[in-house]
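Asks: Residue numbers (our numbering), protein chains in the order written: chain A, 17 to 180; chain B, 53 to 727.
Note that these hints are calculated values from the structure, not bench results.
We treat Cβ as the ideally placed atom computed from N, Cα and C, and that holds for glycine.
Please note: incorrect hints may appear among the correct ones.
Computed beta-carbon distance windows for the label pairs [as the list claims (entries may be wrong)]: (1) B:Val628 x A:Glu152: 41 to 47 Å; (2) A:Glu87 x B:Trp492: 33 to 39 Å; (3) A:Lys108 x B:Ser217: 27 to 33 Å; (4) B:Met549 x A:Glu87: 20 to 26 Å.
Here is what each chain is made of, one letter per residue.
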Amino acid sequence: MRLHGLKSVLLALLLCASAAASAHRFHFGMTDISYNARTESTEIVHTYTAHDIDALLLNLYGRQFDLSDVEDQAVLRTYVERHFWLADKDGKKLPVTWIGMTADAQSVVIYQELAATPLSAAAVIRQGMLVDFLAEQVNTVNLNEGGAVRSLTFLRQTLEQPAR
Amino acid sequence: MLLRPIPCVLAALFVSSTTHADDFQLQRVLVEGARASQLGIADSAGAGSAGAKDLAGRIAYRPGELLEVTPGLIASQHSGEGKANQFYLRGFNLDHGTDLATWVDGMPVNQRSHAHGQGWTDLNFLIPELVGRLDYRKGPYSAREGDFSSAGVASLSYANRLVKSIASATVGQDGYARTMLAGSPEVAGGSLLYALELMKNDGPWTRPDGYRKVNAVLRYSQGYANNGWNVTAMSYSGHWNSTDQIPLRAVEDGRIGRFDLIDDSDGGKARRQSISGIWRSTDTDSASKVSAYVIRNELELFSNFTYFLNDPVNGDQFAQPDRRVTTGVDATHTWHMHRSDTLSSDLTVGAQLQNDNIYNGLYDTRKRARIATTREDHIVETSGAVFVENATRWSDALRTVVGVRANNYRFRVDGDRPENAGKAHDTLVTPTLNIAYGPWASTELYANYGHGFHSNDARGTVATVDPKTLDAVDRTPGLVRSRGVEFGLRTEAIPKMQMSLAVYRLDFDSELTYIGDAGNTEAGDPSRRYGIEFSNYYRPYKWLSVDFDAAWARARSLGNRIPGAIEGVAQLGVTVDRSGPWSGSLRLRWFGPRPLIEDDSVRSKASVTLNGRVGYQLAKDLQLELEAFNLTNRRASAIDYFYESQLAGETAPVADMHFHPIEPRSLRLTLVKTW
Chain A
17 MRLHGLKSVL LALLLCASAA ASAHRFHFGM TDISYNARTE STEIVHTYTA
67 HDIDALLLNL YGRQFDLSDV EDQAVLRTYV ERHFWLADKD GKKLPVTWIG
117 MTADAQSVVI YQELAATPLS AAAVIRQGML VDFLAEQVNT VNLNEGGAVR
167 SLTFLRQTLE QPAR
Chain B
53 MLLRPIPCVL AALFVSSTTH ADDFQLQRVL VEGARASQLG IADSAGAGSA
103 GAKDLAGRIA YRPGELLEVT PGLIASQHSG EGKANQFYLR GFNLDHGTDL
153 ATWVDGMPVN QRSHAHGQGW TDLNFLIPEL VGRLDYRKGP YSAREGDFSS
203 AGVASLSYAN RLVKSIASAT VGQDGYARTM LAGSPEVAGG SLLYALELMK
253 NDGPWTRPDG YRKVNAVLRY SQGYANNGWN VTAMSYSGHW NSTDQIPLRA
303 VEDGRIGRFD LIDDSDGGKA RRQSISGIWR STDTDSASKV SAYVIRNELE
353 LFSNFTYFLN DPVNGDQFAQ PDRRVTTGVD ATHTWHMHRS DTLSSDLTVG
403 AQLQNDNIYN GLYDTRKRAR IATTREDHIV ETSGAVFVEN ATRWSDALRT
453 VVGVRANNYR FRVDGDRPEN AGKAHDTLVT PTLNIAYGPW ASTELYANYG
503 HGFHSNDARG TVATVDPKTL DAVDRTPGLV RSRGVEFGLR TEAIPKMQMS
553 LAVYRLDFDS ELTYIGDAGN TEAGDPSRRY GIEFSNYYRP YKWLSVDFDA
603 AWARARSLGN RIPGAIEGVA QLGVTVDRSG PWSGSLRLRW FGPRPLIEDD
653 SVRSKASVTL NGRVGYQLAK DLQLELEAFN LTNRRASAID YFYESQLAGE
703 TAPVADMHFH PIEPRSLRLT LVKTW
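Please work from the sequences and hints to get the whole structure.
Replies: As structure tokens, this is what we get:
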């Protein structure tokens, strides 16, 4: 579950750019999906800007949430599980489980897992996180299979894409 | 982005070009349970916001006390529970809301030209569990705010969706019981919020209040709050007996007890129904909001504050029925203009229209039966306002908000007395300026200047004779200007601590004064107030928070004291919420002394109350809560007045202190189930 070096720098730059309240903010999400041979599981790590997640929940529920609070994290979990999923070749959703999340004033990182399942089992990816809330949201999904990284870009027009 | 000619010209006053931009006022992200920081957000030290968790943690004897989350504000009661609360803030005795504008979901709560008191603010229709946030702003520094907002504005909004459905049941001492059910299932691609509340409360009074209320909310919403719409129906009805303030002399000589009453037929009934809607659209360059409402309010109110002073035979009970339909539309549009990483500007234009169609009156009654009519009126009060506001972020250190608002009011009064009927109108333009300067990482300074106003009762704007005495009276102006200036500081320099300090002056061209023996408010002399407010919130650990607020004010009118004007108020709250099943909080409130007459020779005593709450998580979705009010069982006044009254058996009027006691220690136990 390690972000690629260049991507880390890019992510840091984007987070900085989005941090200034007055600056134009890029609405983006980054999802790294990789197979961990040691645990034999597919690991999923999402990174979003904290402001976008905060604004999403504020405008959905009309109140502010504390994303360091487990009860409040459950509210985000419900949203994540509705808007991000993996499906097999028959269109059946794969059992992605929620591992946890971390949040600070800059970013929200969400950890999920597809237990005892290789990434190759995923035929379709739906990544609609924040897209219903922010029309300009761009979500990038990086698929890491055996060290080869492929990137897919999800926009409002393309919420579902084949994984291979 | 398309710009229309007039807004374009206005925009050009502030910026010369626009670029693709983004969200405007960003809420600070909430982490580690801290109260959301207002640094870089608020325009003054007296503005802030309380979230759902803050509000849920309050220990409120009555729903109006939720407003006490505003530092320096006191909500009290001098009569039966169904009556509007008595508010105090910034050196004002606000009576039932004369200079405190309260909004719920875009609907004004203050009722203008009300039978009992100007700006009548009855919050008994509020269901606390539905409130997502409460925003407050003290002082007349925003062009967005109009009537009654000189001391402050409290704006509450209901959530479109609940995280979980809630069912709660409460039993308490003094005949208190409450049940509440609320949920928000997804229906037809949107959310259907429903809530039903049933409540009864007798209170500690010798003659039980017998307050019964039924309260319901139904809302359908689609989309997000900033890009979506909702339509809401609300219905509230309540009836109660009142134990009005009692004369101190009768308690001291043993004629009556502290919880006794003089007139055993005082009380009232209230009904409120509303349909309202809000539509909002937000994109990267602009935001629009339109809200509209129709509110029907009905009140029957029977009071007797002077007992047998005016009528030794029948007594002085009077009725002030008021029924009205209030309709209104508010619209705002904001253009966000973004020039560089540090320079951006929001230009907002807005319009507000409100019409009140009111039938009210003042009658002499005996045991709620009318025996004489003092006045009976049909009032149509229509107001319109437009405002322009520019918020510019000049650099990371400097922000300004400049605004101007134009208000026009039209009053038409038809009554039972032709000499007190007629038409009047008034216009007022109010400017505002706010500067926030914070070159430091965690400290900001504020300078605020602004004009505000309150409207006077429409009946006073056309009156030529006093309907009671038939003496000639002068007409009052429709709108009364206030001028405020304030310097403030907000700092988070001490880790995990939010602190703000404000020093202000507020001048009013005419004070709205409560007339105790008439049970009404009237336009009085000019006034000047100075004050200082200090507010702190400290969260050293995630499980422990401490808040402390203190406010002091000096109020004078033509060199005299202003009866009831609050001089000091302080609150200390401690909340503990460990990850285990137990949680708890304690809140100490000091309600400072007030002068009761102009020469300050009679004063009310300060009162201190301690409330507490303990919660225990029985299961994941089941919580038990015990609330305790007035834990130390203090004998103090919720309110004091000084005026003349006459009791049965007394041969002459007696000038005396009249008071309504605070409720003795009482407990309430609540079981809350969520799913």
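Asks: Each hint needs a verdict: does it hold in this structure or not?
Replies: Cross-check of the supplied hints:
1. B:Val628 x A:Glu152: 41 to 47 Å: Between Val628 (chain B) and Glu152 (chain A), where Cβ atoms are some 43 Å apart, the hint holds.
2. A:Glu87 x B:Trp492: 33 to 39 Å: holds, 35 Å
3. A:Lys108 x B:Ser217: 27 to 33 Å: With a Cβ separation near 30 Å, Lys108 (chain A) and Ser217 (chain B) satisfy 27 to 33 Å, so the hint holds.
4. B:Met549 x A:Glu87: 20 to 26 Å: For Met549 (chain B) and Glu87 (chain A) the Cβ distance comes to about 25 Å; the hint holds.
Consistency with the previously given hints is maintained throughout, with no hint failing.
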